[in-house]
Amino acid sequence: MKDKLSHLIKNIGIPRITIVTLLIVIYIAAYYLGLNVPSLFSDNLVRMGMNGILVLAMVPGILSGTGLNFGLPLGVICGIIGGLISIEFHVTGLLGLLLAIIVSIPLSVITGYLYGLLLNRVKGSEMMVGTYVGFSVVSLMCIAWLVMPFKSDAIRWPIGDGLRTTITLTGYYDKVLDRFLAFPIGGVEVPTGLLLFFFFMCYMMYLFLRSKTGLAMVATGSSNKFAKASGINVDKSRLISTVISTALGAIGILVYAQSYGFFQLYTAPLMMAFGAVAAILLGGASAHNAKIVHVILGVFIFQGLLLAALPVANVIFPQGNLSEVMRVVVQYGIILYALTKAGGGH
Amino acid sequence: MNFLGNTLLELKDISKTYGENQVLNKVSFAVEKGEILCLLGENGAGKSTLMNILFGMPVIHSTGGFSGEVYLDGQLIDINTPEKAMEYGIGMVHQEFMLIPGYTVAENIKLNREILKDNPFSRVFGKDFKTLDMKTMNKDARTALDKLEIGIDEISKVDGLPVGYMQFVEIAREIDKKNIKVLVFDEPTAVLTESEADNLIKAMKFLANQGIAIIFITHRLDEVIACSQHVVILRDGGLVASKKTSDTNTVELAELMVGRKIEKLVSKEEGRDVEHAEVILSMKDFKVGMPGELVKGVNLDVRRGEILGIAGLAGQGKIGIANGLMGLFPAKGEVILNGMPLVLNNPMASLKRRLAFVSEDRKGVGLLLDEPIDLNIAITSMQVKNDFLKRILFMNQMDTVRIRKHAKEMVKLFDIRCTGTDQNTRRLSGGNQQKVCLARAITLDPEILMVSEPTRGIDIGAKKLVLDTLIDLNREKNMTIIMTSSELGELRSICDRIAIVSEGKLVGILKPEDHDAKYGLFMSGNTDIPVEVQ
Amino acid sequence: MKQKIKNLLIQNVVTIVFVALCVGGIIASEQPLPFIVKELITRIGRNSFLVLALIVPVIAGMGLNFGIVIGAMAAQIVMIFLISFGATGFGGFMLAMVLSTPLAAFFGYLIGKVLNKTIGQEMITSMIIGFFANGLYQLLFLFLIGTIIPIGNEAYLIPGGVGIVNTIDLKGNLMYALDGLWMMKLPLVFMITGVICTVLLLIKQFMGKKELTKAQSKLGYVRIGMGVSIFAVGIILNVTTNIYKFFDIPLVTAFFIALIAIFNIAIFKTKMGHDFRTVGQDMHIAHVSGVNVAKRRILSIVISTVLAAWGQIIFLQNLGTLNTYGSHVQISTFAIAAILIGGASVTKATVGQALLGVVLFHTLFIVSPMAGKNLFGNAQVGEYFRTFIAYGVIGLSLGLHAWKTFTQKQNKDKIDLE
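Residue numbers (our numbering), protein chains in the order written: chain A, 1 to 346; chain B, 1001 to 1534; chain C, 2001 to 2418.
Next comes chain A alone, as it looks inside the complex (with noise of 0.2 Å):
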């Protein structure tokens, strides 16, 4: 008994069952300092819709062995641009909601094609070399939005040069899924849309997973060599995985911004890879291994904890933001953590 516990630990991880044990800690601690714990279970249910396609985004690179995707900024900024030219044409709700991801998805899947092509001529580094060429593209677009020909109000400044640093989207399509269908149950908000568009797009990577091409990129994330001797064309199993990626990146950051009610701009996506990497690494992914139930386990977890965290230390430390902290030591910590695990160390 005392082994198999033992085991169990060791394959969950501490830092997992540390981070785990502290939401349960914070929401009991929620519940005795008098704060609405409905109330938080909404926001919580909201903010997993609202990232979750980001932290799916990051299942295709892991399962065909291209890693953990730290350049979904490139994808997020495709998602930008579609969703910046839905505005531009004036298209309100869930139609332009709709107009955006039609927009984005062929920008994305291009995007995810150059990168991919990159990543294949760089294998063993594409997480260093993914970090970069993010960092890099979101850099080279805070010159573009200052340039970049858009004509509306609401993005461009009032007065001077370039695109407004954040873009408001009420009146055009702010929170259309979060209100479609939503209702109350037992103090709690449900946003039904927005819960249903990301469990319908788990479930279509899900059915994705289990179809030829996709099971061609398990193989090959799972083993090059069996691949190979398989039939399967290991560069072009990456690349798909990659294209994919782009445009979740892309599709996701749309459901995040209709959600969060802005779109922001310049070095605002510059991290964003790093938060979804976390996300589905606490659900109990590896960098070489991810379920889809780990997506929803870990972005649930992840954002719980932030959205918990803020009030509860909010009573504890009145001034200062350990909310905010504890979400860069959380983050960075599990990051760490997954690299140690999946490092060949001597």
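The set of hints was computed from the structure by calculation and includes no laboratory data.
Heads up, the beta-carbon is just placed ideally off N, CA and C, and yes, glycines get one too.
Treat the hints with caution; some may be incorrect.
Said to hold, decoys possible - Facing chain B, according to a computed beta carbon distance under 10 Å, are these residues of chain C, among others:
1. Lys2113
2. Gly2180
3. Ile2265
4. Lys2269
5. Asp2275
6. Asp2282
7. Val2291
8. Leu2299
9. Lys2412
Please arrange chains B and C on chain A, whose structure you already have, making use of the hints.
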């Protein structure tokens, strides 16, 4: 000079097991000062393990150590780390060079044994801060190189040197270790040209004349006769002979290396005439660039319906042939399959032409270790023939019902011991893993099945089952089987013909019942077969 | 000869592109050259030490040490405490240097241990460690000071009693603690440097123990010529009317930088440095030859982290302002971008490349905002451009190195089938 009667190194009753596998069984022999001893043996005879023990390699001590004793100069010694071996004066020239290309010859010779001198900082902060005395290091290197009569410049970088010279830098490094008493050469001539090999042997003799004992591992019987005084032959972990070289010849050596009782599993049946069957696969000047198993131009015809064996010593190229045919390693040459050329360097093309392969690298190439048995068996057929898929709207999905059903049949057919078809293959024993690989290959319904080292690391019961299965497939489905193996015994027990590969080329094709010595000679690359052995 | 020049150009393409960018930037910014030169001199003095801290891990095969930010954090922790307890001047500066050493060494040791668990992915790991450590640093200074850990001077606490203020002014305590010790006017610096170089070179040329080859002799004369020219420039600056003759050079700072530069050259002549090189060349062979690979790798990071701490102290005493939560954040990125621009790579870095890189990177840094304003009507463009340069150069260098490594690995296994 001959220091007869001056035993330097003695190994007594050396035994080693890896788990249940006994790789060395009470091996005893002695080497004298200034003697060149050749260590002969097939693959798996135990040569590498013996050398690992002599060097105190971690792989020995982390798997339970060994039993037996080693005596140096009459003293019992305990070698439990490579550093200890070096201290005792035991040196080794490896097959893969341990040289740093970016460093000079002198720096390589003195690696981690650099000559240091003091400076103000080292007196305060310790010996780590001592400066390198490049001048003295270069001088020492020059001396060692001169001893070997090699005209390499000690200050030139190693990456500019031709391969043959690199070996000499390795040797220079060993003899620079002043206390060297025993020097082991592990298949040194494998990568050398003929003239480089001659130079090497000359150097070896020179070193022996200085009183250093040399252990020379090789499979080239001519070299054995040419330069050694003493030959030790290992077979299946045991010592079969320890002779004075002057008392033996290549034929006898070949026989001793190979000889064993053949247990023929099949007898000549009525109506089985594969000798005159048509050629199904024909290779002309076939070359494969598989690292460590280079194929340098093989001409071989495979007859329809036969079981063809491919034999040879390790590293001689036999493994490369099947790997090349499946497109797993770069290949060149002309291959005609069923009258049409086979597209090379394209695994999918080979698979679509109904070639199937069970690789020698079971865990690396043969299995998805973290996936269940049923997926492992079905996935290749899925990718090649779109089998095990069902269409749903515009997508295809794996047909889990059929996959499971088929896997269950295979489990029964091969008697795969598992907790269920959903068990991850990582959990299976070696033998059962091999059966899964075989099952996957059979599921493809191939015309030619190639198996590489099919019974390696498998227990006796499973071995027999695998071999019986191969025979059944061949007899019942008329499946042509190409079987590459290091175990001559199993090849001779089920094959119709056996091709011997040495130095990347086909030496000849033998029948199972041919003389043992013939096998030994072919495998060592000798084609001059004395009359008495024909 | 033509092939040689061609090869030289290809090898140094990054540096050449940046020289062109700098020249273009200087022209586009329309800033007066003396202003640029003065700023550049200041920045060289401020940043060189930090960039030099990167060299040892590169040689030891650890790649670019993104973890130097942690050395900077160690320095800041020590500095903040010392300032709060009233430390000032050169004494305060030296105290900071001394006290930050064990702290930085300890951090370096921890980082080294973690990096030994992620062999092959050292750079991404050190980058993530940097982000993680930043979180812990913020935890320390935002929530633990004032509650658990006491601070000498309450003035540095955020109103409310918990957490350190955002900005700490170093004027009056540690600003110019090192620079201010001995400043010398530019022409005099040139003259003295010229004289010293020429004398040393003359000694080497004519009184050295070694016999010089014809080529070495020729090179010696060229170098002596350079030494004399430096002296001549000094004289010219002194006698003519110009603004440069009034520029101040902080001599002690220059001395510290020279010391570390010499350290980075001399260390590789010692056993320790040679072991670093051996481990960096081939870990497996080093291990088989008996080198304690794990220990050497950790030591290389310890040295780098300590040097980074010292470098950060020098950086801050010149800058004059300590942004508690921000001064250290971009340190790694900028230092690494600088050394790469100077021609270094993931596996090769020299003192010359470090110093050249500092000059080029910071020139670009100075001129970008105005160049952006003049070319695009928006100074922001220039600022974003220089951040893009930093990230882009690192991304490019990493990409090229990874491509080269991957291609080399493939070629190693490729065998000629003739």
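Hint check, failures only: Numbers 1, 2 and 3 - these are the hints that the structure violates, sorted from lowest upward.
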